[in-house]
Amino acid sequence: MIRLGDPRPIGRVVATEALPATPHQFHFWTATETPIGIGTIVRVDGLEGRSAYAVVMDGRAYSDLATPLHDVVAADGDPAGARAPTRRTEVRLWTAAVLRHVPEEPVQPVSLSDVWLATARDIETALRMDAYVHGDAPTGIPIGVYRGGGLTAPVSLDAGFLLGPESAHLNITGISGLATKTSAVEFILASIFQHLPRAKGTVAAVCFNVKGPDLCFLDQPTELTDEDRELYGALGVAPAPFKGVSYYAPFKADGVNLNTLRSHPDLVGSVQPLVWGLREVLDYHEVLLSRDDLDAKSDAFLDFLADRVVEKSFDDDWGNRHRVQSFADLERLFRAIFDGLEAAGRGDIWRTHHIATIRKVRNRLLNISTRCKGLVTDDGTVSDLPFGHFEDRAVYLLDVAGMDQLGQDLVFTRVVSRLREHLERRDLGVDHVVVFVDELNKYAPGDGPETYVKKMLLDISERGRYLGLVLFAAQQFRSQVHRRIVGNAGTMVFGRMDMDELATPGYQVLSPATKIKLATLPKGELMVRHPHFTQPIFVRFPRPAVLSGPMGVARFPPATDVPFEDAVVRQLVALDRRVAPGRVKDMIADRREDEVRRALLATRRARPADALAFFRASLGDAVPATAVRRAAGATTPLRSVEDPYAT
Amino acid sequence: MPRPARRNPASPVGRRPGGGRLTLSIHHRLRDALLRAGGTPGADTPRTHAAPPVHSPFAASTPIEHAAVRAVDVGGPAEPPEGTGFLDGIQRYAVAGRIGLTPVVRAVVAAAVLTRRAGALRPAQVAHEEFVVVPFARLTGAQRSALEEADLQLLECEVDERAHPILDVQAAVHVIEQRREALERQVAEAHLVEERDAWLVVDGPIGALTWRGDGPPRVLGIVKSHETQYLEGPDLEAALTLPAGHRTSVFGRATGGRGGRREAFSWYLRLWPWEDHDLLFGLVRLERPSVPEVAGEATAVSRWILAERAPLAAPDGRWDRLIYPIQQVETYLRAQAGGWL
Chain B
1 MIRLGDPRPI GRVVATEALP ATPHQFHFWT ATETPIGIGT IVRVDGLEGR
51 SAYAVVMDGR AYSDLATPLH DVVAADGDPA GARAPTRRTE VRLWTAAVLR
101 HVPEEPVQPV SLSDVWLATA RDIETALRMD AYVHGDAPTG IPIGVYRGGG
151 LTAPVSLDAG FLLGPESAHL NITGISGLAT KTSAVEFILA SIFQHLPRAK
201 GTVAAVCFNV KGPDLCFLDQ PTELTDEDRE LYGALGVAPA PFKGVSYYAP
251 FKADGVNLNT LRSHPDLVGS VQPLVWGLRE VLDYHEVLLS RDDLDAKSDA
301 FLDFLADRVV EKSFDDDWGN RHRVQSFADL ERLFRAIFDG LEAAGRGDIW
351 RTHHIATIRK VRNRLLNIST RCKGLVTDDG TVSDLPFGHF EDRAVYLLDV
401 AGMDQLGQDL VFTRVVSRLR EHLERRDLGV DHVVVFVDEL NKYAPGDGPE
451 TYVKKMLLDI SERGRYLGLV LFAAQQFRSQ VHRRIVGNAG TMVFGRMDMD
501 ELATPGYQVL SPATKIKLAT LPKGELMVRH PHFTQPIFVR FPRPAVLSGP
551 MGVARFPPAT DVPFEDAVVR QLVALDRRVA PGRVKDMIAD RREDEVRRAL
601 LATRRARPAD ALAFFRASLG DAVPATAVRR AAGATTPLRS VEDPYAT
Chain E
1 MPRPARRNPA SPVGRRPGGG RLTLSIHHRL RDALLRAGGT PGADTPRTHA
51 APPVHSPFAA STPIEHAAVR AVDVGGPAEP PEGTGFLDGI QRYAVAGRIG
101 LTPVVRAVVA AAVLTRRAGA LRPAQVAHEE FVVVPFARLT GAQRSALEEA
151 DLQLLECEVD ERAHPILDVQ AAVHVIEQRR EALERQVAEA HLVEERDAWL
201 VVDGPIGALT WRGDGPPRVL GIVKSHETQY LEGPDLEAAL TLPAGHRTSV
251 FGRATGGRGG RREAFSWYLR LWPWEDHDLL FGLVRLERPS VPEVAGEATA
301 VSRWILAERA PLAAPDGRWD RLIYPIQQVE TYLRAQAGGW L
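Residue numbers (the numbering used here), protein chains in the order written: chain B, 1 to 647; chain E, 1 to 341.
Cβ pair distances, simulated, as ranges:
| no. | chain 1 | residue 1 | chain 2 | residue 2 | range |
| --- | --- | --- | --- | --- | --- |
| 1 | B | S176 | E | P81 | 55 to 61 Å |
| 2 | E | D44 | B | P505 | 53 to 59 Å |
| 3 | B | L178 | E | A300 | 55 to 61 Å |
| 4 | E | A300 | B | A66 | 30 to 36 Å |
| 5 | B | V72 | E | S25 | 26 to 32 Å |
| 6 | B | V72 | E | A300 | 24 to 30 Å |
| 7 | B | A66 | E | R47 | 19 to 25 Å |
| 8 | B | D114 | E | G83 | 28 to 34 Å |
| 9 | E | A51 | B | D114 | 48 to 54 Å |
Please keep in mind that the hints were generated in silico from the structure rather than gathered at the bench.
Glycine included, each C-beta is placed from N, C-alpha and C at the ideal position.
Could you put the whole structure together from the sequences, leaning on the hints where they help?
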């Protein structure tokens with residue numbers, strides 16, 4: 001068998017009138033025993049120093065058998081009969097798609113010459129990597145190794161086309177569980193962090209963990225095989241977990257147990273609560289209130305609330321002054337309006353807004369704090385990502401896997417919008433942010449209504465590269481994602497694919513053999529399309545050096561939910577192991593839960609040396625229980641008008 | 001107004017408007033008649049031209065294995081010997097032009113031995129020759145000199161004094177055939193020297209081959225044409241009506257090879273059933289050097305030649321008698337000749 005380094009050609013280009021050699025495609029034959037296959041890169045040296053580099057995209061084998069009937073006759077109709085003493089003459093005919101001509105001009109058909117296995121230098125030339133992996137300011141981001149004909153050669157993407165501004169975004173498609181989409185993104189992120197040159201600026205990643213424990217252990221090392229280590233060595237990437245990872249997760253409905261699978265006592269201390277208040281929600285009310293649900297009148301009232309009421313001193317028409325900072329404050333305002341209208345007998349209009357519109361908006365907004373309980377608080381406390389202080393090569397992971405779709409949409413929209421606002425002002429803290437979102441077909445389906453999330457994703461995909469806002473998205477079925485979002489991804493990555501998906505029109509450019517290879521790709525192998533690669537290239541990447549979700553859960557089993565007092569104790573102990581559980585329980589025994597939550601949040605945010613002392617100080621003096629009961633009594637059900645929109 | 005065709009109550013088929021019976025009906029009725037008469041139906045393939053004339057229709061033979069030729073069941077196919085070589089040759093010619101009426105014939109001949117190991121055929125001996133054939137007697141000195149300046153080998157053919165546009169070319173072709181046979185002998189003998197213990201299967205009779213050394217070489221000729229009949233009477237009928245998978249008794253025949261008349265041992269072998277075809281369908285005549293052991297090896301050799309039925313040499317029209325490796329030698333040589341013309 002011919003191997004790399006063998007000074008003999010592996011095949012010869014052939015051309016007939018029916019199968020001509022063209023500038024973009026040619027055919028060649030090889031010996032029956034040959035190391036090449038679909039995806040192998042070859043070189044054809046033509047006349048006058050011209051060379052063509054191509055990737056094998058299809059192969060055929062046939063013999064001189066004119067009709068299958070001849071084989072039947074020769075075997076006397078018995079497939080199990082004696083084998084023929086002579087093997088029929090067989091040809092292996094390959095079709096290759098041209099990656100590059102050198103020189104580039106004039107573009108001519110490929111010479112009918114010998115075909116050679118590509119060398120490592122040929123790979124660089126064929127994929128145009130020679131323009132960005134060498135020189136004074138290389139911008140190559142290793143993505144995997146090419147393997148063909150015994151050769152292992154690194155393949156790099158151009159940072160300028162992966163993170164912008166030339167082109168940007170990465171989209172990865174494949175069958176869940178087999179395509180290793182998450183692993184691929186983890187490896188690519190590690191590669192970016194290690195290889196993005198300082199001259200290209202700083203970079204951080206914001207990852208949304210939308211299912212299970214997938215991304216919950218990015219800071220934990222895992223065991224790698226020797227093959228993985230060899231791949232890391234070949235790619236020049238250090239096999240290490242991410243260093244600067246910040247985890248964020250909302251609370252569960254109890255407001256104190258974090259809604260994440262990274263809740264093992266050894267790890268939960270590194271998870272920051274993600275808690276938003278009224279202002280954070282009201283700015284993105286379009287996410288939560290679908291267009292079908294709200295009309296122009298509702299919209300106008302929401303704008304009124306956002307502009308004139310929230311976080312401002314506001315006087316109603318009955319001598320009351322309100323300062324709305326939380327959902328509880330908002331509820332008090334609504335009640336004052338309803339009671340005032342009823343007492344004054346002034347009919348159904350308040351400040352040009354009909355009472356039915358007000359009731360409708362009230363029900364929808366207050367319902368949000370119920371549906372997103374744990375994320376949205378009604379007490380005004382906020383715990384958010386460090387917008388404006390993002391750190392270079394840091395990962396900000398938002399674990400929203402335990403939230404319902406509405407909450408995930410809200411988190412995604414608000415975080416990405418804030419990222420965009422800061423990047424536009426150039427005050428985020430980093431120059432580039434990679435936003436990784438899985439299950440893209442859920443957020444930006446090709447069909448269905450035009451949601452706010454979809455519009456925002458479209459905006460990122462079309463304009464994000466100028467800002468440094470880069471979308472790394474994954475989905476099982478690329479055909480079900482909005483075409484403009486997929487089409488704007490400069491780099492496309494494909495893992496093992498479903499045959500039904502491959503039968504959709506988006507894959508017509510692939511040869512049948514390439515589709516078969518895609519449908520049978522082993523774990524760890526990907527097909528990559530990149531602006532510099534004129535044809536898809538198959539690469540292999542190592543397992544990420546971080547603990548996978550399932551392994552992480554096995555090694556760090558999530559803690560079970562505990563009663564409120566015990567949860568407070570657990571979180572304080574995670575911050576400071578000297579904290580005595582009994583003292584904490586005594587401290588919070590007669591306190592309102594919202595006060596305790598607020599103090600706990602402040603302690604977590606400050607991470608003081610003496611957690612218990614800080615917690616006690618944050619908790620402040622106790623408020624008499626009677627006063628609390630009286631305040632709670634203010635939210636009695638309405639009596640005047642039956643709410644037609646109550647759910 | 002034409003009357004509708006009437007059915008003949010004695011016949012299951014009707015008549016053509018012109019009155020003739022349908023061809024299908026004739027075929028079946030004749031077939032039935034042949035069977036009733038104890039005959040064997042043939043393929044009944046329509047032909048339009050007479051078969052070419054037979055130059056040597058009969059020749060003598062001597063019984064070797066049995067006093068009277070009989071059919072021997074060889075017992076089915078058996079695995080052929082490893083490392084067997086297969087020999088064939090090709091010739092191509094073209095009338096390059098004429099000097100007056102005299103043809104100048106350009107030709108190429110080639111011969112090769114492909115050896116088979118592990119089922120794969122690989123070239124072992126290859127030779128080719130390109131030349132020009134012309135009747136020197138018809139050329140002037142200046143004309144011959146002009147041809148010699150083409151830097152091609154010039155061969156002479158003998159022609160009658162009276163020019164004939166076809167016979168003159170045939171005379172050149174006769175020379176070409178002789179050169180091809182000589183080339184075949186050359187590669188065969190070279191192969192026999194290098195692979196003395198291996199079998200060499202030759203396309204055609206072995207009469208022209210010579211070999212050196214002790215004992216008979218493992219040479220086997222496969223003759224597909226049956227112009228010359230060496231048997232007669234019941235022996236001939238036994239040979240030409242052999243059932244599939246049977247051979248005849250071994251007999252001897254004169255070969256007329258180089259160095260005087262010699263004898264080859266021969267026998268017929270039926271590769272495919274001839275019923276529904278014709279007598280010569282699937283019938284080959286095998287030849288071996290005339291040494292006593294040959295008769296004892298005839299059945300074993302026949303068995304592995306039976307195995308050579310697969311792969312089928314189709315779509316070649318001679319597939320019933322042509323074995324695939326021999327066809328491959330021819331294909332190889334044709335491919336080598338490539339765009340000779």
